[in-house]
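Undergrad: Residue numbers (my numbering), protein chains in the order written: chain A, 1 to 612; chain B, 613 to 802.
Hints in this document: simulated from the structure, not taken from any laboratory.
Keep in mind the model is a prediction, meaning the values are calculated, not measured.
Wrong hints could be hidden among the right ones.
[As the list claims (entries may be wrong)] 35 Å max Cα-Cα, derived DSBU-like pairs, lysine-lysine:
| # | chain 1 | residue 1 | chain 2 | residue 2 |
| --- | --- | --- | --- | --- |
| 1 | B | K696 | B | K778 |
| 2 | A | K557 | A | K598 |
| 3 | B | K696 | A | K598 |
| 4 | A | K557 | A | K481 |
| 5 | A | K517 | A | K546 |
| 6 | A | K481 | A | K517 |
| 7 | B | K696 | A | K234 |
| 8 | B | K696 | B | K724 |
| 9 | A | K330 | B | K696 |
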Amino acid sequence: MTMTKRAANGRHVPGSGTPAAAEVDRARAAMLHEAKPRGRTRIGADVVCEALLRQGADVLFGYPGGVILPLYDVLGDYPELRHVLVRHEQGAAHAADGFARASGRVGVCLGTSGPGATNLVTGLATAQLDSVPVVAITGNVPAALIGKDAFQEIDITGITLPMTKHNYLVRDADELPHVLAEAFYLARNGRPGPVHVDITKDALQQETLAAHPGDDAVAAGLPGFRPTVEGHPKQLRIAAQAIDAAQRPVILAGHGVLVAEAWDELRAFAERARIPVAHTLLGVGSVDEAHPLSYGYMGMHGWKHVNRAIQSADLLIALGMRFDDRVTGKVSTYAPAARIIHVDIDPSEIGKNVAVDVPIVGDVRRVLTALTPLVREVPQAEREAYFAQLAEWRRESESTSWHGSGAWRDGLLSADYVVSRIGELTGHDATLVADVGQNQMWLARYGGFRRPHSHLSSGGLGTMGYSVPAAMGAALGRPDKETWAITGDGGFQMTMQELATLVQDRIPVRIALFDNKKLGMIRQWQEIIYAGNYHSASLLSPDYLKLCEAYGIPAWKATRPDEVDEAIAAARTVEGPAFVWFEIAEEQNVFPMMPAGKGLSDLIEKWGGADE
Amino acid sequence: MTVDGDGAAPVAARYVPGSGEPRRHVLVAIVNNRTGVLNRVTSLMRARNFNVESLAVGHTEDPAVSRMTITLRGDDHGVEQLSKQLYRLVDVLKVQDVTAERRIEHELALIKVRASNANRAEILKVVELYKGRVVDIAADSIIVEATGPEDEIDALVALVGNFGIKEMVRTGSIAMQRGAATVEYEGANG
């Protein structure tokens, strides 16, 4: 699937290697050196655009407003910057997040002061909890008006302070080149995260000749930011000894494997030491699920066989994951016999949620590169009994909670089946973006992921409404890959205003809506944990076919198993956005389920006599 | 239906970080001397649920940095976690737990004590005994300035409390290692 280029207004980003791209590069270089586009004075807003180009951030998601208008006034002078006008700033932040996760580059979103900035907050919090490199740029009222409760003034840096990696309030255009270079540097280095740059309107308008610093100058100015990337040799030796001695080791692969682009190193390590690889929600895609050593998704709604393996392990090798409560359950009963090796680039993650026997601070890729040669190559025979047991557990667990016929009770459409068909029919190569709730768990369990960065999910914050705007960003971040948003009727209705953005910008996102006329996960918890006391779990939806017709989006509806493949195939032929409305069973649950506050061994596998 | 743990022999419950016996810790943090840094530090301690007893911040010999002394209660793991969290702040250059080190740890207090002609002399005697200093005398009150370890100031406060305290302010502890040892940080004078 190729990205549809925008109409002949010259605003699209040409593919690299083409004469058009060379032209753009020449123009870009000339502009940066002359620093006076359009023959006018260079102002703060120009510095922002130059900085974005220097950082290779050529796609921005934003929404204009009073005090950011000086920036929009010059955007037209930078045709290489593609600005996507969203319908709500939350969509811009999620799109920047999706762009970053899918492409591995920094995503950028823009908003104005006051409500524009507060609307970005949910998206930045999402990026913070999942360590996603995003730079958010907001306008603020002129410096002289700060603190006067001016129109659309709010203390936004006070708001984003605890939920960004770092933030800035810039009142002077001369500071902008350094601040923006630092913002991008911080966003993508060490443990990535969102950085917020708030710029007063007068700083955007002020003339400046300040030059852009290089990364070395930026790093030199940040003595408080020196991430450790190489594992300590002594710790590596201790880890290797523990790995060599382990009888029942399990690798826990997290988001850090993807962030560090360490999937090849992970596979090499696992193969050499012959260790099964379990993955977290954000670790989906860090290991090819078709690989014989891939054991599956762990945690609250993970596979029972995976949780069993963890609970009976004598060694856990945790790579770039943070022992979230959805992964461990009750810590006091977590993996009771296991020693723990924990590799993470952020020292604060080590020992935060569980005590660790062998801490290794470092980049997962560098650590694995150094560690793999130190561990013993384990012959197959040595692990035969272990792997036989793992296989047995896996057979048992996979035979439940799966509806291979596509039908749940009474022939109603089963969500796990639909998810697996989407994975299958897209060749396990598309970028699939989850929303939050049951759809998210079904996708992680049954999507069948084989490619790094092919699964995007709001894991830490659990932000409903994430999928459509994030898929929008993902589609532009990886235009070479087909992109699907997998969402529920609850999450979709939180951010469905972005349908118009998809249409206006011709962004080829396919939306798979799982409609059970419920807030499914709420309903599931109320059924099982709140004794069937349902409240606010049912919700009304519009007729989605009519909705899509109103937006001009081709749409299909499937209500029976035999309609699933056809609807997916039809949506895949559309060039722009497309929509498939899956009417699924209303009361299907995600099993197994670990109730909050319980341990990994306390899985609920059935309810009301059915393993759903 | 629930299932029990498989395969694993029953073992002692896993330690939950932060659940150990709390004790008093003294941390020294070197931070960039920039607008908003104090806010970042206090916001983090609030958000991460650390029980801070006192926080004192001021200039150092290097105008580019400020030095904070933080006293708090927590188990050793929990306090180590606070140090690590503080390091996530770009403006934090160094955090050192000096609890186990030989150190001078002092705070300053100003105590406004009720005084009359009848007891003024007695108050002055107590203050002298505790190496306090009288910095202001009015018709019906005296301001006593005291510096020293927290417990010494506590003792002075308890004694002058008998005369009646109108007002009191304490700075919280500041700490420095004894001898040649210093809190080293990267970017010194930078």
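Undergrad: A separate judgement is required for each hint: does it hold in the structure or not?
TA: Evaluated hints:
1. A distance of roughly 41 Å separates the Cα atoms of K696 of chain B and K778 of chain B; the hinted pair therefore is violated under the 35 Å criterion.
2. Between K557 of chain A and K598 of chain A the alpha-carbon distance is near 39 Å, which puts this suggested pair outside the 35 Å criterion.
3. For the suggested pair K696 of chain B and K598 of chain A, the alpha carbons sit about 28 Å apart, so the restraint of at most 35 Å is met.
4. Between K557 of chain A and K481 of chain A the CA atoms are separated by roughly 24 Å; this keeps the pair inside 35 Å, and the hint holds.
5. For the given pair, K517 of chain A sits about 17 Å from K546 of chain A by alpha-carbon distance, which is consistent with the 35 Å threshold.
6. With a C-alpha separation of about 31 Å, the suggested pair K481 of chain A and K517 of chain A falls inside the 35 Å cut-off, and the hint holds.
7. For the hint linking K696 of chain B to K234 of chain A, the alpha-carbon distance of about 21 Å falls within 35 Å, and the restraint holds.
8. Our distance criterion of 35 Å between C-alpha atoms is broken by K696 of chain B and K724 of chain B, whose separation comes to about 40 Å.
9. For the proposed pair K330 of chain A and K696 of chain B, the alpha carbon gap of about 23 Å is at most 35 Å, so the pair holds.
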